[in-house]
Amino acid sequence: MRFHCLAPLLLALALAARLSAADLPSGSTELAANAALQYWQAFSQLPTLDKDQEKLLGEWNTASIDDPAVNKLLAASQNSLMYLHRGAPLPRCDWGLNYNDGISMLMPHLAKARDVARLATLDARRAFEQGHWKAGRRDMTSIMVLARHTGRDPVMIALLVRLVMEGLAVDCVAPYVPDLKASHSEAVAMFEAMPPPVTLPQAILFEKKWMGGWIVPKLQEEEKRQKGAGLELWKKFLDNDAPQSLKNVATLDEVIKLVEDGIPVYDDLARLAALPNEQFDVQYPVFKQKTKSEHPLAALLLPAIDQLRAKEQRQQARMAMLLAGIAVAESGPEKLKEIKDPFGAGPFEYRALDKGFELKSKLLYEGQPVTLAIGQRK
Amino acid sequence: MNETHDPLEAELQSLRPHAPSAGLKDRIAARLKDGVRLSLADRPLWSIAGWLRFAKQNTARFAIAGAVLAAAVALAVILPRPLQPTQANSSDLTAESSLATAFDDSAPSVWQFHRALSHSINHVDDLLDKYSGATLVPAHEQTPIRGFGPFDTSLSNFPGEL
Numbered sequence: 616m617r618f619h620c621l622a623p624l625l626l627a628l629a630l631a632a633r634l635s636a637a638d639l640p641s642g643s644t645e646l647a648a649n650a651a652l653q654y655w656q657a658f659s660q661l662p663t664l665d666k667d668q669e670k671l672l673g674e675w676n677t678a679s680i681d682d683p684a685v686n687k688l689l690a691a692s693q694n695s696l697m698y699l700h701r702g703a704p705l706p707r708c709d710w711g712l713n714y715n716d717g718i719s720m721l722m723p724h725l726a727k728a729r730d731v732a733r734l735a736t737l738d739a740r741r742a743f744e745q746g747h748w749k750a751g752r753r754d755m756t757s758i759m760v761l762a763r764h765t766g767r768d769p770v771m772i773a774l775l776v777r778l779v780m781e782g783l784a785v786d787c788v789a790p791y792v793p794d795l796k797a798s799h800s801e802a803v804a805m806f807e808a809m810p811p812p813v814t815l816p817q818a819i820l821f822e823k824k825w826m827g828g829w830i831v832p833k834l835q836e837e838e839k840r841q842k843g844a845g846l847e848l849w850k851k852f853l854d855n856d857a858p859q860s861l862k863n864v865a866t867l868d869e870v871i872k873l874v875e876d877g878i879p880v881y882d883d884l885a886r887l888a889a890l891p892n893e894q895f896d897v898q899y900p901v902f903k904q905k906t907k908s909e910h911p912l913a914a915l916l917l918p919a920i921d922q923l924r925a926k927e928q929r930q931q932a933r934m935a936m937l938l939a940g941i942a943v944a945e946s947g948p949e950k951l952k953e954i955k956d957p958f959g960a961g962p963f964e965y966r967a968l969d970k971g972f973e974l975k976s977k978l979l980y981e982g983q984p985v986t987l988a989i990g991q992r993k
Numbered sequence: 450m451n452e453t454h455d456p457l458e459a460e461l462q463s464l465r466p467h468a469p470s471a472g473l474k475d476r477i478a479a480r481l482k483d484g485v486r487l488s489l490a491d492r493p494l495w496s497i498a499g500w501l502r503f504a505k506q507n508t509a510r511f512a513i514a515g516a517v518l519a520a521a522v523a524l525a526v527i528l529p530r531p532l533q534p535t536q537a538n539s540s541d542l543t544a545e546s547s548l549a550t551a552f553d554d555s556a557p558s559v560w561q562f563h564r565a566l567s568h569s570i571n572h573v574d575d576l577l578d579k580y581s582g583a584t585l586v587p588a589h590e591q592t593p594i595r596g597f598g599p600f601d602t603s604l605s606n607f608p609g610e611l
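Residue numbers (my numbering), protein chains in the order written: chain A, 616 to 993; chain B, 450 to 611.
Don't read these hints as lab results, they were simulated from the structure.
Hints are not guaranteed to be accurate.
Each computed DMTMM-like pair below joins lysine to aspartate or glutamate, with the alpha-carbon atoms no more than 25 Å apart [unchecked claim]:
id, chain 1, residue 1, chain 2, residue 2
1, A, K926, B, E458
2, A, K842, A, D868
3, A, K993, B, D575
4, A, K926, B, D578
5, A, K850, B, D554
6, A, K687, B, D574
7, A, K670, B, E460
8, A, K666, B, D574
9, B, K579, A, D868
10, A, K839, A, D856
11, A, K670, A, D682
12, A, K851, B, D554
13, B, K579, A, E837
14, A, K823, B, D553
15, A, K824, A, D665
16, A, K833, B, D575
17, A, K842, B, D553
18, B, K579, A, D665
19, A, K862, B, D554
20, A, K670, B, D578
21, A, K839, B, D553
22, A, K907, A, D856
23, A, K670, B, D575
24, A, K993, B, D553
25, A, K872, A, E927
26, B, K579, A, E669
Computed from the model, here is a short list of chain A residues facing chain B with C-beta under 10 Å [stated by the list, open to error]:
id, residue
27, M805
28, M809
29, M826
30, E837
All C-beta atoms in this analysis are idealised placements derived from N, C-alpha and C, irrespective of residue type, glycine included.
Generate coordinates for the entire structure from the input sequences, incorporating the hints supplied.
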């Protein structure tokens, strides 16, 4: 057979092969560089815990590492942890939340992320106890990044969950700092390279737009859909603890006026939250009392900002002390003179312990100075 | 070309083609008389008779071309195609969030988190515990999903759990 007879056949086959190859999904696209995709795979592979395992995980910092139940739980968690470690190095994380959902927006990743972080903390503790420093440090780094990624959406609950997860990391590392032989400069560089945290003022202003600003259009939309539905929706916002003045509102117009009058409170709160502590401590109680009487709705919509702010600062102080502790373990207590307490005028206070040492910040939390024990294994 | 006079060039220039032999002329004339195949542009393809004559002369080629065309169509139909994103039809699914979700105590909505935290900010772990295992199935019902594992044709043990 001559070549020009075969040519159409070869052309057709080549075309078919080319089309099928082009239609196949690529192994890696830029969409895959979203850490949330890896984290959700980690969540999907979380082991289902029985009551004993739930208890064990809750006691991650005191449970015996020699307990076979610990090893069994961690063995069942390896796939989940694998995906955690794959997600953490990725610079972008988008949970795909739809802010337009307003107060209906679901955040199912928060609880899952906390669960993965707990497992990773237990895994890190086992690694540290067994002298596998590199593995333990990798767990810790991944938890810290997961915490930042979890808190990337400026919603107050996400911020709070980030603080919980970062707290887990600090609690887990602190007892092993003297043995880690970590470099202070490297630890600081790693910390500063992490995704930046959302601040409380940012979260407040975000909620002004997407939560507070969502209510009036939604009430009107409901009313338009069915007469009386707007007011019905309003009543759902009110639980038993709602002020009587809110429960007595009789028309939708009154509700809308209440909400619109309360919106500027978000701005005031954001401004207050950014103040230095000595000014906040003076101004906030007065503001809170005034707002409660003038804008009862604000009290309903906004959680206790003072408590949230205190938790945020406590975590900042503890993280700063952890890094300072690494410096002390590396270079001795004298090194503290070079490191300033972010909540004081000078360095952290140092106190030697039987094992390790304790650092104390000038920051008060619930009336007590914030401290961190370094090298104290349980 | 070189400016200098090259002997080889001079020899080549002096060569002249021979006139065709009488035998060659006869053979060409005989072929023309029998009807040589015309160039494509000269073929009378617009006439049915021309097509029939062309087809008769190229039966084998038409058969091959037909087979190739059939094979190409079959490949295009048979080859598996990746799933194409389709435009969601609003009547097929609910893309709008439901207000009921916000007030559903079992759903991890912003409002539920908000209400819980307004009562106490110190019990975040308890709050997360409430939502962490809500959709989990017992461990023995979970099926590990592996990309290159043996294919389970029954898929009877596939809970679809996240």
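For each hint, the structure was consulted:
1. A:K926 - B:E458: This hinted pair is violated, its Cα atoms lying about 99 Å apart.
2. A:K842 - A:D868: holds (13 Å)
3. A:K993 - B:D575: holds (24 Å)
4. A:K926 - B:D578: holds (20 Å)
5. A:K850 - B:D554: Answer holds: K850 of chain A to D554 of chain B is near 16 Å, not above 25 Å.
6. A:K687 - B:D574: Roughly 23 Å separates the two Cα atoms, so the pair holds.
7. A:K670 - B:E460: Distance of about 105 Å is beyond 25 Å: violated.
8. A:K666 - B:D574: holds (16 Å)
9. B:K579 - A:D868: violated (37 Å)
10. A:K839 - A:D856: The given pair, whose Cα atoms are some 29 Å apart, is violated under the 25 Å limit.
11. A:K670 - A:D682: Holds, at about 13 Å.
12. A:K851 - B:D554: The hint holds at about 12 Å.
13. B:K579 - A:E837: Violated. K579 of chain B to E837 of chain A sits at ~30 Å, over the 25 Å cutoff.
14. A:K823 - B:D553: holds (23 Å)
15. A:K824 - A:D665: Cα-Cα ~41 Å, so violated.
16. A:K833 - B:D575: Cα-Cα ~31 Å, so violated.
17. A:K842 - B:D553: Holds, at about 23 Å.
18. B:K579 - A:D665: Since the Cα atoms of K579 of chain B and D665 of chain A sit roughly 15 Å apart, the hinted pair holds (cutoff 25 Å).
19. A:K862 - B:D554: holds (21 Å)
20. A:K670 - B:D578: holds (11 Å)
21. A:K839 - B:D553: Holds, because 23 Å separates the two Cα atoms, which is no more than 25 Å.
22. A:K907 - A:D856: The given pair, whose Cα atoms are some 13 Å apart, holds under the 25 Å limit.
23. A:K670 - B:D575: holds (13 Å)
24. A:K993 - B:D553: With Cα atoms ~41 Å apart, K993 of chain A and D553 of chain B exceed 25 Å; violated.
25. A:K872 - A:E927: Outside the cut-off at roughly 33 Å; violated.
26. B:K579 - A:E669: holds (12 Å)
27. M805: Nearest chain B Cβ about 26 Å off; hint violated.
28. M809: Constraint on M809 of chain A not satisfied, violated at 21 Å.
29. M826: Hint holds; M826 of chain A Cβ to chain B Cβ min 7 Å, cut 10 Å.
30. E837: holds (8 Å)
In this structure, the earlier hints numbered 1, 7, 9, 10, 13, 15, 16, 24, 25, 27, 28 are contradicted, and the remaining ones agree with it.
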